[in-house]
Amino acid sequence: MTAETVCFAALPAALPVTLAQATAGQDVTARALALSDASDGSPHTIAASFLAPRLLPRLFRDSGQATSEAQAALTSAEKLIVLLPAGRYDDGVWAPIIERILLGLDAAATRPREIVFAWSGLEPFLAPFGRRAQDVWSDPRLVPALLGVLERSARSLTSVLDAAKDVRHGLIRFESAGDGTGSAQATLALA
Numbered sequence: 001m002t003a004e005t006v007c008f009a010a011l012p013a014a015l016p017v018t019l020a021q022a023t024a025g026q027d028v029t030a031r032a033l034a035l036s037d038a039s040d041g042s043p044h045t046i047a048a049s050f051l052a053p054r055l056l057p058r059l060f061r062d063s064g065q066a067t068s069e070a071q072a073a074l075t076s077a078e079k080l081i082v083l084l085p086a087g088r089y090d091d092g093v094w095a096p097i098i099e100r101i102l103l104g105l106d107a108a109a110t111r112p113r114e115i116v117f118a119w120s121g122l123e124p125f126l127a128p129f130g131r132r133a134q135d136v137w138s139d140p141r142l143v144p145a146l147l148g149v150l151e152r153s154a155r156s157l158t159s160v161l162d163a164a165k166d167v168r169h170g171l172i173r174f175e176s177a178g179d180g181t182g183s184a185q186a187t188l189a190l191a
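Residue numbering for the sequence shown follows the numbering used here, beginning at 1 and increasing consecutively.
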């Protein structure tokens with residue numbers, strides 16, 4: 001059985017530091033990742049591709065080798081997860097870029113079966129809640145409320161999110177392997 005292929009398109013600051021350092025200087029980075037759904041908690045190993053944030057503005061616009069490789073990773077993946085950073089970023093700049101990527105995928109001959117917008121880097125926002133912050137990952141009823149707050153803070157992106165067809169919304173948490181030898185882990189909580 002082959003591993004599910006998942007492409008991560010991360011906006012700047014949406015990847016945790018350890019993953020950002022591991023993928024620095026590369027246009028498309030492939031690695032194994034243990035992905036679990038917060039609702040059932042059972043991790044499964046996926047074949048993950050991480051696209052460099054600097055490539056995203058050129059996707060479906062330029063025809064260079066780097067963008068061709070990135071577009072191939074995007075269109076051949078079974079799942080696309082667009083990583084959005086929790087906190088301040090210029091969503092007015094990124095909203096049209098994300099919209100162009102979605103339109104490019106709609107026009108492509110092949111495309112991911114599932115597309116997810118997932119907010120990453122929630123730990124600083126959840127820290128004041130202490131142990132209760134962990135409830136976000138174990139209680140699916142909390143996810144829609146937190147997503148509502150994050151979506152309201154991303155004013156320009158809201159119209160793109162609302163117009164996107166068959167796109168799910170969620171939260172994602174990355175953890176490095178405890179012993180440093182295994183694959184990194186990610187937990188996805190979908191609304």
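Mixed in with the good hints, there may be bad ones.
Across the chosen pairs, the derived CB separations fall in these ranges [as the list claims (entries may be wrong)]: (1) 145 / 166: 32 to 38 Å; (2) 20 / 156: 19 to 25 Å; (3) 41 / 107: 34 to 40 Å; (4) 148 / 68: 36 to 42 Å; (5) 138 / 45: 20 to 26 Å.
Think of the hints as simulated: they come from the structure by calculation, not from any bench.
Cβ coordinates follow ideal geometry from the N, Cα and C atoms, glycine included.
Exercise. Provide an ascending list of the numbers of those earlier hints which the structure does not satisfy.
Key: 1
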